[in-house]
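Chain Z: place on chain L using the hints.
Below, each chain spelled out in residue letters.
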Amino acid sequence: MAIRVRIPTPLRKLTGEKGEIEAKGANISDLIEDIEKRHPGIKERIYDETGEIRRFINIYVNEEDIRFIDGNKTAVRDGDEVSIIPAIAGG
Amino acid sequence: MFEFTEEQIQRYSRQIILPEVGGKGQKKIAGAKVFLIGAGGLGSPAALYLAAAGVGRIGIIDADHVDLSNLQRQVLHSTATLNRSKVESARETLSRINPDIRIDTYNEKLTSENIMGLINDYDIILDGSDNFPTRFLVNDACYFQKKTLISGSIFRFEGQLTTLKGHLDQPCYRCLYPEPPPPGLVPSCQEAGVLGVLAGTIGVLQAAEALKEIIGIGSSLAGRLLLYDALQMRFREVKVRKDKNCPLCSEHPTITKLLEYQEYCSI
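Taken in sequence, the protein lines are chains L and Z. 385 is the number that my numbering gives the last residue of the first sequence; the numbers go up by one with no jumps. 249 is the number that my numbering gives the last residue of the second sequence; the numbers go up by one with no jumps.
If you're looking for bench data, these hints aren't it; they were derived computationally from the structure. Quantities reported herein were computed from a predicted structural model and do not represent experimental measurements. By construction, the Cβ of each residue, glycine as well, lies at the ideal position given by its N, Cα and C atoms. Treat the hints with caution; some may be incorrect.
Now the stretches of chain Z that chain L is said to cover, found in silico as 3 or more residues with beta-carbon under 8 Å [said to hold, decoys possible]:
id, segment
1, 23 to 29
2, 134 to 140
3, 159 to 165
Just chain L, with the same shape it has in the complex (with noise of 0.2 Å):
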């Protein structure tokens, strides 16, 4: 079993307009790292130049925002659906 990542709109060209995929990983930095390889260029429109999530995007494991956990050491299990949000401004 993998964990489920949902993918928001703006990236989904990024995933063959899949709005959701499975990735393997003990925490989140290593979900990424897994998505990454499959799908390049995910990496950077998650990450600064410093390596940090961008203040803009979230990521929630289940329904708790990975800020309020571990950030990108948060770990994940099996049956996990780790989603992905961006701010949108859209009106």
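Using the frame of chain L, we list chain Z on its own:
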């Protein structure tokens, strides 16, 4: 306290008969003052339902004119009001639906200079703006003025909705998203399309939250971010935590007054 006329009782009867609303709730609605940021995709459906429900005073700010490309989603406006100011078009539509309510229109841009004076008279602010600088400006001003902010946003087929009460030990927009994206990193206004009905869905949900806040019923969306995906036809929610390091609403803020909010085209 005012009394309802026979006509008003009849007009609002379908919601007055709800035990959760009643005459008491309807009086709260009639006494409520709601300010809408934008008479566009989100502001349109929200304003229609708030006016129909009898919200006593509705303020709307928008500097734009009605364009043909707006009509696919901005249902306050019509072919008949093309090229007119959006706020005047909005006033016309809303007073036709409900002549009972007061509508204040502001045909101007929202800025750091005017926002504090504008929102001061209102209880609840609905953000339906189309850019990040305005969203941060609105959040900061609402926090300083202790106003409940109901924030909706849309992009292509996806929508987000949350209620922000940074002044009441609940999260503010900066707790959720500390900073706007830098210009160029998000698709430009021209590239970013939107399914018209998505604006309707999110705008109407904003109105529903506003009415609940006014009457004081149900579970508020404060502390929760509702996510809607129209393609998958799925609603989800995630938690929104109050950030103890929030630059605005934490105990040690670095933002203590309104800033210069950089203007650029991004959705």
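Would you check chain L against the segment 23 to 29 of chain Z, counting CB to CB pairs closer than 8 Å, and say if three or more residues qualify?
holds (count 3)
Count the residues of the segment 134 to 140 of chain Z whose Cβ falls closer than 8 Å to any Cβ of chain L, and tell me whether that reaches three.
holds (count 7)
Coverage of the segment 159 to 165 of chain Z by chain L (three or more Cβ within 8 Å):
holds (count 5)
The structure is consistent with each of the numbered hints, conforming to all of them.
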